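Enquirer: Based on the provided sequences and hints, a complete structural model is requested.
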Amino acid sequence: MKITHTDLLRPGQPNSETERLWIYNGLDCCVTYEVLDALLPQLDNLTRATYALSRALQAPVLEMNLRGVLIDEQARLAAIASYRSDSERLERNLYRIVHDGLGYTSFRNEKKTRAWRSNGLVATLLYDVLRLPEIRKRNDRGELARTVNRDALERLQIHFIAQPIISHILALRDFGKKIGVLETKVDPDGRIRTSYNIAGTTTGRFSSSFNDFGTGGNLQNVEERLRRIFIADPGMKFANIDLEQADSRNVGAMCWNVLRDSKYLDACESGDLHTTVARIAYPNLPWTPDKKANREIAERPFYRHHGLRHMCKVLGHGTNYLGSPFEMSRHTKIDKATIEEFQATYFRAFPAILRLHEWVAKQILEEGKLVTPFGRKRWFFGRRDDRDTLKQAVAFLGQSMTAEEMNFAMLALWRQNIVQILLQGHDSVLVQYPEDKEDEIIPKVLEAMRVKLELEGGRQFVVPVEVQVGWNWGKFNKDNPSDNPLGLSKWPDDRPHRN
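The opening position of the sequence shown corresponds to residue 2 in the numbering used here, with each subsequent residue numbered one higher.
FYI, nobody ran anything at the bench for these hints, they're computed from the structure.
Treat the numbers as computed from the prediction; the structure is a model and nothing was measured.
Hints are not guaranteed to be accurate.
Cut-off 30 Å, straight-line C-alpha distance, at most; resulting in silico cross-link-like pairs (BS3-like, lysine-lysine) [as the list claims (entries may be wrong)]:
{"#": "1", "residue 1": "K479", "residue 2": "K445"}
{"#": "2", "residue 1": "K476", "residue 2": "K186"}
{"#": "3", "residue 1": "K293", "residue 2": "K178"}
Expert: Right, dumping it as structure tokens:
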């Protein structure tokens, strides 16, 4: 074995590419080992358990990174063509509004860049031509400069004259992102791979990005319309397992643990909380005593591809996490007055949530840290009396517990070795299995995904899971079976085998 004295190397040495790779990898291992020696003494009983979980997750994550997901190339090309057609139609409408409606003809394509993609052209249109109040943000040089990012555009939509223009720009930007996802480079074997980062967030959630070979991308927030291009391997079938209302239930668990108030947790465990939120926000809709009928009412279209129930889910989470009526109106597209009335009613129904906010504020002010019931500790380094620090801390509890539940569940599932784990979302995991063994495998999957936690006072707590099965990642619509006949449908599934 050749020994290389790295302390004696000089620029230009070694001469061979092979030797350079040896030294690079050797130093990588040695430095990592030195870092480990420095970190281990700093671990306590809590952080040691978090570290052990992160290490254990490396195996299933590496498998997901290597395996990837098979892509239906024809469906991918058809989706790209569909999005491009929609995008071109919207672009024509936008130019007609600006050129013919405003008489401002300078809003045109710059070289090969679409005008609506140019921050400079959009800023000139909104701030100089329409004279909207400027929204500023610090740039990379630390200077306050006017911005037209998504947050700014959504705030500017309150101005009547700007609404149609901004709506078109936002939609076009969204289409651009979706086309970008669809045009993500596929590997030669017809699969898309992502690279998960186990330590990518402070909550324990994974982050994802391009893989080590520069292909793939972030697959954790793929919209429903895009999911149809992801298909199971021949002879296999998908199962998508969701933690049901996990963030909300975890907030309820914290209300019980800290305050011994079970009202919110009981509400979460008694049925469909997000439909309940919709009923509180919109009491005048034709609600019935039938829970299933009420869910269908709540699922009605509301904004873009989102239904009312989804937006009320966002509203409920945001309210739990200190979202103001103004902030929640921007995120949900529900008018501010409705949200003010909703939050007043919501906090009267569940006063423990406000008391939980007060408890978190006291913990941060006095100790600067929080510890979840799963033992994940996080220090908060912002100003302890700052609202942004408090919002981060309040959100950390529910989101971190959900991440921990998903990570423990995925690890248990991987150790069973009965399915192939493909993708992990924030509160869901996509797997595939031999479709002829579905009735044998799915009950075991459901059991593995049930992460049990004992709360204070001995109360048993488990976030329930829901599983949908199919041959592609999109949804199967029973009311229109021909739309996506191979999509995900609630298990048990009575459709015949694909093969």
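Enquirer: Can you list which hints this structure breaks, lowest number first?
Expert: 3
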